[in-house]
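Number of protein chains: 2
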Amino acid sequence: MNLPEGFLLSGINCGIKKSGYDLGLIYAEDFATALGVFTTNANPAYSVTLAKKNINNPIKAVLVNSGNANCYSHELGLKDTEEIITKLAGEFGVKKKNILISSTGIIGKRLPKEKIIKNLPELIKKLDKKYKSFSKSILTTDTFEKVSFKKGSINKKSFTLLGFSKGAGMICPNMATMLGFILTDVSIPKNEFKKMVNEAVEESFNSITIDGCMSTNDTAFVLSSNKVVLDNEKEKKLFFEKLKDISLDLAKMIVKDGEGATKFVEIQIKGAKTKKEAKTAGMALANSNLIKCALYGANTNWGRIISALGQAGINVKENIKIRFTDLKKKNIKIAVDLDRGEFCGNFFTTDLTPEYIDINAEYS
Amino acid sequence: MNLPEGFLLSGINCGIKKSGYDLGLIYAEDFATALGVFTTNANPAYSVTLAKKNINNPIKAVLVNSGNANCYSHELGLKDTEEIITKLAGEFGVKKKNILISSTGIIGKRLPKEKIIKNLPELIKKLDKKYKSFSKSILTTDTFEKVSFKKGSINKKSFTLLGFSKGAGMICPNMATMLGFILTDVSIPKNEFKKMVNEAVEESFNSITIDGCMSTNDTAFVLSSNKVVLDNEKEKKLFFEKLKDISLDLAKMIVKDGEGATKFVEIQIKGAKTKKEAKTAGMALANSNLIKCALYGANTNWGRIISALGQAGINVKENIKIRFTDLKKKNIKIAVDLDRGEFCGNFFTTDLTPEYIDINAEYS
Numbered sequence: 001m002n003l004p005e006g007f008l009l010s011g012i013n014c015g016i017k018k019s020g021y022d023l024g025l026i027y028a029e030d031f032a033t034a035l036g037v038f039t040t041n042a043n044p045a046y047s048v049t050l051a052k053k054n055i056n057n058p059i060k061a062v063l064v065n066s067g068n069a070n071c072y073s074h075e076l077g078l079k080d081t082e083e084i085i086t087k088l089a090g091e092f093g094v095k096k097k098n099i100l101i102s103s104t105g106i107i108g109k110r111l112p113k114e115k116i117i118k119n120l121p122e123l124i125k126k127l128d129k130k131y132k133s134f135s136k137s138i139l140t141t142d143t144f145e146k147v148s149f150k151k152g153s154i155n156k157k158s159f160t161l162l163g164f165s166k167g168a169g170m171i172c173p174n175m176a177t178m179l180g181f182i183l184t185d186v187s188i189p190k191n192e193f194k195k196m197v198n199e200a201v202e203e204s205f206n207s208i209t210i211d212g213c214m215s216t217n218d219t220a221f222v223l224s225s226n227k228v229v230l231d232n233e234k235e236k237k238l239f240f241e242k243l244k245d246i247s248l249d250l251a252k253m254i255v256k257d258g259e260g261a262t263k264f265v266e267i268q269i270k271g272a273k274t275k276k277e278a279k280t281a282g283m284a285l286a287n288s289n290l291i292k293c294a295l296y297g298a299n300t301n302w303g304r305i306i307s308a309l310g311q312a313g314i315n316v317k318e319n320i321k322i323r324f325t326d327l328k329k330k331n332i333k334i335a336v337d338l339d340r341g342e343f344c345g346n347f348f349t350t351d352l353t354p355e356y357i358d359i360n361a362e363y364s
Numbered sequence: 001m002n003l004p005e006g007f008l009l010s011g012i013n014c015g016i017k018k019s020g021y022d023l024g025l026i027y028a029e030d031f032a033t034a035l036g037v038f039t040t041n042a043n044p045a046y047s048v049t050l051a052k053k054n055i056n057n058p059i060k061a062v063l064v065n066s067g068n069a070n071c072y073s074h075e076l077g078l079k080d081t082e083e084i085i086t087k088l089a090g091e092f093g094v095k096k097k098n099i100l101i102s103s104t105g106i107i108g109k110r111l112p113k114e115k116i117i118k119n120l121p122e123l124i125k126k127l128d129k130k131y132k133s134f135s136k137s138i139l140t141t142d143t144f145e146k147v148s149f150k151k152g153s154i155n156k157k158s159f160t161l162l163g164f165s166k167g168a169g170m171i172c173p174n175m176a177t178m179l180g181f182i183l184t185d186v187s188i189p190k191n192e193f194k195k196m197v198n199e200a201v202e203e204s205f206n207s208i209t210i211d212g213c214m215s216t217n218d219t220a221f222v223l224s225s226n227k228v229v230l231d232n233e234k235e236k237k238l239f240f241e242k243l244k245d246i247s248l249d250l251a252k253m254i255v256k257d258g259e260g261a262t263k264f265v266e267i268q269i270k271g272a273k274t275k276k277e278a279k280t281a282g283m284a285l286a287n288s289n290l291i292k293c294a295l296y297g298a299n300t301n302w303g304r305i306i307s308a309l310g311q312a313g314i315n316v317k318e319n320i321k322i323r324f325t326d327l328k329k330k331n332i333k334i335a336v337d338l339d340r341g342e343f344c345g346n347f348f349t350t351d352l353t354p355e356y357i358d359i360n361a362e363y364s
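If you're matching them up, the sequences are chains A and B in order. Take 1 as the starting number for the first sequence in the working numbering and just add one per residue. Take 1 as the starting number for the second sequence in the working numbering and just add one per residue.
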């Protein structure tokens, strides 16, 4: 796994968490083109508010902290955050508008800006071509690092994508306490790039759920250093495939690391009237506590599927086809053919377990 | 607790369940006026479909079975159900349109109509003024019978209300696997009566949630024998108060018996812009797995409240007021003042516990 050309990474402990890395940095040697998809939560983190504001500018660096959501903590929260990115921008001789930030952790505690600012020089000093310290710095209750690498070669051009994600709990439709960072070296016209990113995110990060809870912090960034110009349809298509692959990889890893999960569940919907109906159906099943308990118990209670579809407003006839793979296994597929149209979709979730409750009864 | 004048009740085991009562009957000596509120699940039980059709007719009897949801089981499911109520109507010399039916239990198994039909004479023979056998016959995973009695006296008139409910799991906004039956002896013009019932149900059965899962079978019936004519506003108002009281009593009992629950949680929302916003806020909190886990752990994680409100689209300022009573106790109140309007609402839920998962991992 190599870093795409034009980027450097680092990660350190700055004291937000008692131990473990809690501050990460993505640095673009030249300015990078950035795209972002953000939580639709009406009470977003200050980091999300600022990142949304800056996302359309050329980006020099992305600062990430874990251990504190930087959300709803203090009336000066937004100002604190601006101060931090202004300092970082100063270190690189750029404007604060060229910096992105994202945060994950507990809501309601003021971000310790002095600790962060004090440690910025150290964080910058450690920038290099390795990815391990960054991938660690973005985690909270995650039990493993989530990294994926893809490579494409076409017409004597070769490009790479390297991605990171962070998940574990509070993962839901329209993003999760999910952070995703994908770095690549391609150059594609921004409007086309944006369309690709939106579709890739929709089919990956927006098609997973752990517990139906949408966080205040969900963010996915795709950054490109524009080194490898892709200028014909075949080249772009190959990149798009790789972008979808890496997004799905990263999203699936989040589900596999779902809090307390003992099973990885793929829900395949087909025969829906529209793409939207397929998603409504898939997410209704993926978010049903009753279905998720049944999966934990390896219990093919398909009545709960009928009920959950009905709750989502989807009326089904007695000819609906529901197939389960062996529910005793760790990886499960549930295939539902609604038999009323041509659209389909795949969705990913976990079982609901006593362990999930124990984790979330304690976490504070 | 006395039966309101004009009604008889009974309950027996007819063999749907291996043991315990599973078939109940409400009988109106004269025809009763009936009002009903039904699940909005798009895949309703056959019993719901038939009851909806008959609800506006004069009602002679209500047949209730537990142990089988009579839903989504067989292409002849609706026909079977019609056959059962036709037989019951025959026993009373009325039409099938004068019969209501409701069911609760597992989805997808054909209702054993022969067992039910064979036992109708026995069920009718046992009709009397006692309520115990009926209150038992409607239960599934419930751990106690849910019965409430209210009495009103005004202008030398006195009226009574006797109510039953059934709940336990799959309780959610817009009704639950919740059955509710309220019998009364008042006579009130039907349009006014209907308005009262809708409001009483909205503030009780539709303001509770256990797990966010809406069943295919939810039904609340209010039946009146029309013996006590209430004809002035004060009299009607007193009845309305009692109707709201009994509905809330029955709804709260359902929450108290929530599957695996260790806590009874009242969520008080005030300062909302509209009644609807108060409900959106209250139910968003009441249905959040993360909040319910925190309550189980007696953990005042108010960040999860901010996040859940935001997920529901409610943006709050840093001046929101959140108060918890002692979370270590069995009865908890969470008061949230959104501080942006004049509307309020009370909502009821439970904590989410490992026990809930164990129950629902096994149940089939």
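Watch out, some of these pointers could steer you wrong.
[Unchecked claim] Okay, derived cross-link-like pairs now, DSS-like style, lysine-lysine, Cα gap no bigger than 25 Å in a straight line:
id, chain 1, residue 1, chain 2, residue 2
1, A, 17, A, 79
2, B, 242, B, 132
3, A, 125, A, 115
4, B, 97, B, 79
5, B, 273, B, 328
6, A, 109, B, 328
7, B, 317, A, 53
8, A, 330, A, 273
9, B, 242, A, 79
10, A, 96, A, 118
11, B, 79, A, 317
12, B, 109, A, 328
13, A, 244, A, 273
14, B, 18, B, 95
15, B, 317, B, 273
16, A, 244, A, 136
17, A, 317, B, 53
18, A, 113, B, 317
19, A, 252, A, 330
20, A, 317, B, 109
21, B, 321, A, 333
22, A, 321, B, 79
23, B, 242, A, 109
24, B, 52, A, 317
25, B, 190, A, 321
26, B, 242, B, 96
27, A, 109, B, 79
28, A, 109, B, 321
29, B, 317, A, 52
30, B, 333, A, 317
31, A, 79, B, 321
Simulated from the structure, these hints should not be mistaken for laboratory data.
Practice task
Would you pick out the hints that fail for this structure and give their numbers low to high?
Solution key: The structure conflicts with hints 5, 8, 9, 14, 21, 23, 25, 26, 27, 30, although it agrees with all the remaining ones.
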